[in-house]
Amino acid sequence: MRGNQGTLRRHETMAHIDHGRMVGTSPARTDGAQKVRGLCRYVDDLEFDGLWHGATVRSPHACARIVAIDAAAALADPDVVVLTARDLPGPNVLRLIADDWPVLADGRVNHFAEPVALVAAPTRERARAAVGRVEVRYEVERGIHDLDQALASPRILASCRIERGDLEAGFAAATHVVEGVYDTAHQEHVYIEPQGMVARPTAQGELEVIGSLQCPYYVQKALALLFDEPVRVRQAPTGGGFGGKEEFPDAIAAHAALLARRVGRPVKIVYDRHEDMQATPKRHPSRVRHRTGVDAAGKLCAMEIEVILDGGAYTTLSGVVLSRAVLHAGGAYACPNVRIEGRALATNTVPSGAFRGFGAPQTQFAVERQMDRIARLIGTDPLTLRERNAYRLGDVTPTGQVLEESVSALECLAAAQARTDFKRRWHEIEDARASGEGHALHGIGLALSWHGAGFTGEGEQRMRSPVRLALVAPDCVEVRVAACDFGQGTTIVLSQIVADALGLPTEMVRVVDPDTSKVPDSGPTVASRTVMVVGGILERAGRRLVRELGQGGAPPASPAEFVELARAYLTQHGELEVEERFEPAPGQTFDETTYTGTAYSAYGWGVHVAEVRVDADTLATRVERATLVFDVGKAIHPVLCAGQVEGGSLQAFGFGHLEDLRLSEGRPLQDSLSTYVIPTAVDAPDFDTILIENPTRSGPQGAKGVGELPMDGGGPALVAAIENATGIVATRAPATPEVLLEDLLAGRTLGPEAVAGALQAGEPLEGLR
Amino acid sequence: MRVLNLTVNGDATEVAAPAHWTLLEVLRYRMGLTGSKQGCDKGDCGACTVLIDGEPQLSCLTVAALAEGHEITTIEGLLPAHLRAGGEGPDPVQEAFDRCGALQCGFCQPGMILSARALLSENPAPTRDEIKAALSGNLCRCTGYTQIYQAVELALAEATGAEPASPSWAPGENPWAKTPEGNARPAVGAAGLTEGTGVAPSGGDSRTNGKAH
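Line by line, the protein sequences give chains A and B. According to full-length UniProt numbering, the first sequence is numbered sequentially starting from 1. According to full-length UniProt numbering, the second sequence is numbered sequentially starting from 1.
Bear in mind the hints are in silico, worked out from the structure with no lab data behind them. Mixed in with the good hints there might be a few duds.
Distance condition first, Cα-Cα at most 25 angstroms in a straight line; then the derived DMTMM-like pairs of lysine to aspartate or glutamate [unchecked claim]:
id, chain 1, residue 1, chain 2, residue 2
1, A, LYS221, A, GLU168
2, A, LYS518, A, ASP475
3, B, LYS132, B, GLU153
4, A, LYS423, A, GLU624
5, B, LYS42, A, GLU624
6, B, LYS42, A, ASP45
7, B, LYS42, A, ASP272
8, B, LYS132, A, ASP615
9, A, LYS299, A, GLU341
10, B, LYS132, A, GLU624
11, B, LYS42, A, ASP683
12, A, LYS221, A, ASP617
13, A, LYS518, A, ASP615
14, B, LYS42, A, GLU275
15, A, LYS299, A, GLU387
16, A, LYS221, A, ASP686
17, A, LYS299, A, GLU168
18, B, LYS132, B, ASP53
19, A, LYS221, A, GLU208
20, B, LYS42, A, ASP671
21, B, LYS42, A, GLU47
22, B, LYS42, A, GLU125
23, B, LYS132, A, ASP688
24, A, LYS518, A, ASP44
25, B, LYS132, A, ASP686
26, A, LYS423, A, ASP671
27, B, LYS132, B, GLU158
28, A, LYS518, A, GLU575
29, B, LYS132, A, ASP683
30, A, LYS299, A, ASP166
31, A, LYS423, A, ASP615
The following block holds chain A by itself, in its conformation from the complex (with noise of 0.2 angstroms):
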């Protein structure tokens, strides 16, 4: 079909747009225009008045005692200021779970870059100077710095358990027993726009933060107990996100509003791109173990899975990260008899953190990695095995959550299978790799996943975040939310929700900034919770803005009735703002004691197909070709739907063969984008996305979270297809060419008596109980 019937153009006069009709379309996002002209104002391109630059003083250990902090060097310079833990206002920490995370080490440090010492100065270049000249003497302890050291003497920052069915029984009826052990690495955030805050006293003596962020309110939150005081925070324009700019801006937040208080003036932070990649999070590296029986008929009859999790030197995050690792780790498969265990241990590196998937992609790594090994042990090929196994509608969770709307496992399987043939070729490569005459060194890989949309469990219910929609003219309704664009398009995503609930074209809906002097806590701006939880709510809210314009007669029917009821409503009551909030379905409990009940309301469902070429001398790897299937609810902006599906995946990708972080004694041997690669426009295979709605009911029109589903399959697809061009068994991300040398040295190669004798003889489990 050529042409665009049906649906709408951007400037048509209202008075020719149909109802309910900007979900589905792609209108301009809102920032679109001044991002091309580089007109956008990211942190550090606003300018203040009397403006100084903050700089912060890192540990060089991973593990030491503080012994003295001498600043009078750095004091020599006039007009320096340096802050220490004893210069706080308030309690030293930044409050997220456990009440652990120091804002300034105070007699140790516990990681490298450990923020020891705040320093302020009149410019960026005498700042980073008096940060040289800040002496601190450290006696250096002896640090745990991996996973493999954790385990000896186990410090355990979080642990949950799930269990369902009788796992005894279930491996007694068992055909086959097949066991593996899958390890993931850190993986950096990479927003291109390093870390930056600004912090100013107001005209009135209040605190303002601006910065590069995704929750306005935890920042608000973490800054009111350590000042004792209201806090205003309000978002830049932030040059991406994924998680990195989670948590971490609290502790940029608190830096900045700590030296700003000190010199009575605005101050701005900014990190230079060594400094955040060695002391901002990362994704937690992991280690899973499967044991997993399968029956005669080829189906999963019991799954027992142990999930590590290295969380690095505080709290933070870690027990909400192992939680969502836990409830993904079985994969999208029905399993009548399941046991998960996960602990988060502590290490001495910088805390791991909320990363793009939030722990989903490193346990679906070990599933879809262990579901590839029992396909070749039965003899069948992944795709048949996954087709057997994934979830169908009435299925059960390991939770005990009846999947009772939007199951889409088979139906991204068959889209994938139809789109690539991937059965056949599959077959063709294993056959001509075991004949000897395949070396070419091409390969195909798939995986399924699942991704619970919004925050696990009863998360929703104890926020009960509250939306506000707002008339305040006759033709704009404001929006006022504390979600975050960091790039996703929820500005005008949620400007399309609205704008259909209301019956309105998006260009008379307005979404403000968020700041917190302006819009209620509707939550931060994560777990793939923006459009189907926040859009939710802004629906009802539309809807209940719509009645009671209407003051007990009929709602409008076009939007010139809209202006006309609307002007009317101003001019005899002034603006209209409606709230409503969160309201669970009903019968969606969770027990978080138990690990039983609704762990999500909606899943999203996802296939990647990774087609490679491995060099038969350098074992790199290129990824050729990406078909992404994906089960997103409702495409409400297919534009950017398909971007996070894409961007997504492509991260993924790196995750799975090419993003390499290694510590040697907790220190990042990587921390420069030469160092640390990322997948470049040479690095990215052309994407063929197909998007898939079913509809659930939890979401506006239908639509379910899709910004971290692509995350979690990318990986385990792509090292699936360097086994299958290679022979090297993969069980370790990044896959990178130094990994599956070892991996080839070692044997660790297919030939079906390979892997027959491994999973006879069972892994050795070193390190794991």
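Based on the hints, put chain B in the right spot on chain A.
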């Protein structure tokens, strides 16, 4: 301090700055041209890319003094240059980036667009591999790049009057096709998102509530 004579976006300017400053620092902190971004400070990310005599260059690695006597174009200068050259409306590359979803957070975009603009000025009909090579010095962490390639190809198609290729997720219609009226930008419709995907009936239960069938 040193007084520099720079020609930026067509205007000759005198600006005082420390002699060791990079062009990026002078543009951002002396001239208020903050469209050029600082993503890494060492030539890895490409967010600081500007055009010097039409060639994409990393302003974070260019000492400002060495740019004297050359024509510097920053992202802020693209639209004025397009209008000066008799163009109407937005610059076609900028327009295509916005329309195709080629920008998300927008932080890499100024550099990315300038690299794309330089490519199209030099090569009127680049292949997709040539597009990839030309943009490979500009890191983007948001898009996965496919929508960026599509934007460059759309800008190309609009310049030559060719039909741009439709993205795979919109099999039922070509969202990049021009409307009969010409320049009014259509909203991209989602009609037929699952049409034409070749989805075979997959056994019933997962499909019963799928609206696409």
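Structure-based check of each hint:
Taking the CA atoms of LYS221 of chain A and GLU168 of chain A, the gap is about 47 angstroms. The hint is violated against a cut of 25 angstroms. Taking the CA atoms of LYS518 of chain A and ASP475 of chain A, the gap is near 20 angstroms; set against the 25 angstroms cutoff, the hint holds. At roughly 11 angstroms between alpha-carbon atoms, LYS132 of chain B and GLU153 of chain B fall within 25 angstroms of each other, so this suggested pair holds. For a cut-off of 25 angstroms, the pair hint linking LYS423 of chain A to GLU624 of chain A stands: about 18 angstroms separates their Cα positions.
Note on LYS42 of chain B and GLU624 of chain A: the hinted pairing is violated, with a Cα-Cα distance of about 29 angstroms set against a maximum of 25 angstroms. Our distance criterion of 25 angstroms between C-alpha atoms is met by LYS42 of chain B and ASP45 of chain A, whose separation comes to about 19 angstroms. About 10 angstroms separates the Cα atoms of LYS42 of chain B and ASP272 of chain A, which keeps this hinted pair within 25 angstroms; it holds. Our distance criterion of 25 angstroms between C-alpha atoms is met by LYS132 of chain B and ASP615 of chain A, whose separation comes to about 20 angstroms.
Of the pairs offered as hints, the one joining LYS299 of chain A and GLU341 of chain A holds, with about 22 angstroms between alpha carbons and a cut-off of 25 angstroms not exceeded. This hinted pair checks out: LYS132 of chain B and GLU624 of chain A have alpha carbons roughly 13 angstroms apart, not beyond 25 angstroms. At roughly 21 angstroms between alpha-carbon atoms, LYS42 of chain B and ASP683 of chain A fall within 25 angstroms of each other, so this suggested pair holds. A hinted pair counts as satisfied when its Cα atoms are at most 25 angstroms apart, and LYS221 of chain A with ASP617 of chain A does not qualify at roughly 54 angstroms.
This hinted pair does not check out: LYS518 of chain A and ASP615 of chain A have alpha carbons roughly 55 angstroms apart, beyond 25 angstroms. For the suggested pair LYS42 of chain B and GLU275 of chain A, the alpha carbons sit about 13 angstroms apart, so the restraint of at most 25 angstroms is met. Among the hinted pairs, LYS299 of chain A with GLU387 of chain A is consistent with the structure: their alpha-carbon atoms are about 10 angstroms apart, no more than 25 angstroms. Between the alpha carbons of LYS221 of chain A and ASP686 of chain A the distance comes to roughly 43 angstroms, so the proposed pair goes past 25 angstroms and is violated.
Restraint check for LYS299 of chain A and GLU168 of chain A: satisfied, since their Cα atoms lie roughly 16 angstroms apart, inside the 25 angstroms limit. The straight-line distance between the Cα atoms of LYS132 of chain B and ASP53 of chain B is roughly 22 angstroms, inside the 25 angstroms bound, and the hint therefore holds. With a CA separation close to 13 angstroms, the supplied pair LYS221 of chain A and GLU208 of chain A stays within the 25 angstroms bound. Using a Cα cut-off of 25 angstroms, the hinted pair LYS42 of chain B and ASP671 of chain A holds, with the two alpha carbons roughly 12 angstroms apart.
A threshold of 25 angstroms between alpha carbons decides the hint, and for LYS42 of chain B with GLU47 of chain A the separation of about 24 angstroms falls inside it, so the pair holds. A distance of roughly 17 angstroms separates the Cα atoms of LYS42 of chain B and GLU125 of chain A; the hinted pair therefore holds under the 25 angstroms criterion. A threshold of 25 angstroms between alpha carbons decides the hint, and for LYS132 of chain B with ASP688 of chain A the separation of about 17 angstroms falls inside it, so the pair holds. With a C-alpha separation of about 23 angstroms, the suggested pair LYS518 of chain A and ASP44 of chain A falls inside the 25 angstroms cut-off, and the hint holds.
Annotation: proposed proximity of LYS132 of chain B to ASP686 of chain A holds, straight-line Cα distance about 10 angstroms (limit 25 angstroms). Distance hint between LYS423 of chain A and ASP671 of chain A is unfulfilled; the C-alpha atoms sit about 41 angstroms from each other, more than 25 angstroms. Simply put, LYS132 of chain B and GLU158 of chain B have alpha-carbon atoms about 19 angstroms apart, close enough for the 25 angstroms limit, and the pair holds. Restraint check: the Cα-Cα separation between LYS518 of chain A and GLU575 of chain A comes to about 15 angstroms, which is no more than 25 angstroms; the hinted pair holds.
Distance check on the hinted pair: LYS132 of chain B and ASP683 of chain A sit about 9 angstroms apart at the alpha-carbon level, within 25 angstroms; holds. Under the criterion of a C-alpha separation no larger than 25 angstroms, the hint pairing LYS299 of chain A with ASP166 of chain A is consistent with the structure, at around 16 angstroms. Only pairs whose Cα atoms come within 25 angstroms are accepted, and LYS423 of chain A paired with ASP615 of chain A is accepted, the gap being roughly 23 angstroms.
Checked against the numbered hints listed earlier, the structure breaks hints 1, 5, 12, 13, 16, 26; every other hint is satisfied.
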